[in-house]
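Trainee: Based on the hints, put chains P and V in the right spot on chain X.
Chains as they are written, first to last, in my numbering: chain X, 1 to 157; chain P, 1 to 157; chain V, 1 to 157.
Take these hints with a grain of salt, some might be off.
Since the list can't tell identical chains apart, any single copy or any two copies may satisfy a pair.
List time: in silico EDC-like cross-link candidates among lysine to aspartate or glutamate, alpha-carbon distance up to 20 Å [stated by the list, open to error]:
#	residue 1	residue 2
1	Lys38	Glu48
2	Lys148	Asp35
3	Lys92	Glu23
4	Lys92	Glu11
5	Lys92	Glu19
6	Lys92	Asp139
7	Lys38	Glu23
8	Lys148	Asp2
9	Lys148	Asp3
FYI, nobody ran anything at the bench for these hints, they're computed from the structure.
The lines below spell out each chain.
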Amino acid sequence: MDDQAVRLGIEALIGEYAERIDEDRLEEWPALFADPCKYLVICRSNYEAGMRQGVMYAATRGMLLDRVFSIRRANLFEPHRYRHVIGPIRIKSAEGGVAVAHSHFIVARIMHDGATSLFATGRYLDRIDISAEDYRFVDRIVVLDSEKIDTLLAIPL
Amino acid sequence: MDDQAVRLGIEALIGEYAERIDEDRLEEWPALFADPCKYLVICRSNYEAGMRQGVMYAATRGMLLDRVFSIRRANLFEPHRYRHVIGPIRIKSAEGGVAVAHSHFIVARIMHDGATSLFATGRYLDRIDISAEDYRFVDRIVVLDSEKIDTLLAIPL
Amino acid sequence: MDDQAVRLGIEALIGEYAERIDEDRLEEWPALFADPCKYLVICRSNYEAGMRQGVMYAATRGMLLDRVFSIRRANLFEPHRYRHVIGPIRIKSAEGGVAVAHSHFIVARIMHDGATSLFATGRYLDRIDISAEDYRFVDRIVVLDSEKIDTLLAIPL
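Next up, chain X with everything else stripped away, as it sits in the complex:
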């Protein structure tokens, strides 16, 4: 497999992920995952302590979609948007149809009234299915740098 093509495909997947969330196209977000998959949002101290329970978890596309539905239905929280910027993507390995990639992010949150703040920072630890033309996340573990994150974290990170 061509290294360069793999890199571009991974960058495209990671960029698409941020775009679908930030542009509020949440219904299209689960399709970026394999099925079954593993999606976990966890803070660093818990992650490093070996815990595997986080503030968000899904094992299938259906579970991801359930989260989107509940966001749409509930509407309990104040409307807001995220804006992701993502640091250099480091491809750790790419073998047997699966790539391991790490990247960094900073996410700003924009409230309905326009107030903008630094919301979250952390790492993406990804295992990506690169065996078919459309790359998909097999695992996406979102390790947050801080524990000080809204427990009612609603929109996926």
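Mentor: Chains P and V in isolation, oriented as in the chain X frame:
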């Protein structure tokens, strides 16, 4: 045309744009646009409502340069600088000598006294002339996530 | 030398640098530099005034390592971490085994209690040894946008 060359050229143009603004080389900024061109800074709600009037607009390099001159002449605002970081660049199409590319940004503002704050977040929606060796913006629409932006927005984003 | 391979190598080095600092693998950080090298953290106003003394300086890997040891030993400051995101990397030249590359950064700081803030913004002005397989920083000059930076700046930027 070689896909990879197009990608590198687009990344170089977008990087150069940030560099010329952030390093206060504003006089060199209009040269990154085609002539005529379209440069529009608009907040998301207005953009999504179909409005095409924003907080900054230019249709030619001359208009872009006028803005730079007025910044230099007026000196009314407190001196400050920006620092852009830009998320993954997604190339949506590249046909007939024009590429469509979307990217995300977070901009910090650094005041003269050193105070640094998160200033703006949003998207770049670009149409780029890739028919000649030096790529140029045909359209650059800057969609701001927030309406809470200084109305006296001076330095281009 | 293949332009594309050089670009990927430079991106990998710059990404690795951020990762080793942000993941608190500081002991592995000096190995990313040539020996001797030049590592300088300086604010823009001093840099532009031609001063070459900054808030951090090292001329050898040993000096870089000394800094890491003193961080580990002293433990005087409140524990914290950084998170870097890095804007587009512009390769200015690549000749005679040395590449010149500029990039932008925004760094968030995450305190032990989870409080997260925008800590620093600026530029990396790099000269990189690309003559061997593992690229290394010959010079890395970190030009901070603001002078308002903790004088007790501890972790390298």
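Trainee: Honestly, which of those hints from before does the structure not fit?
Mentor: Hint check: 2, 7, 8, 9 fail, others pass.
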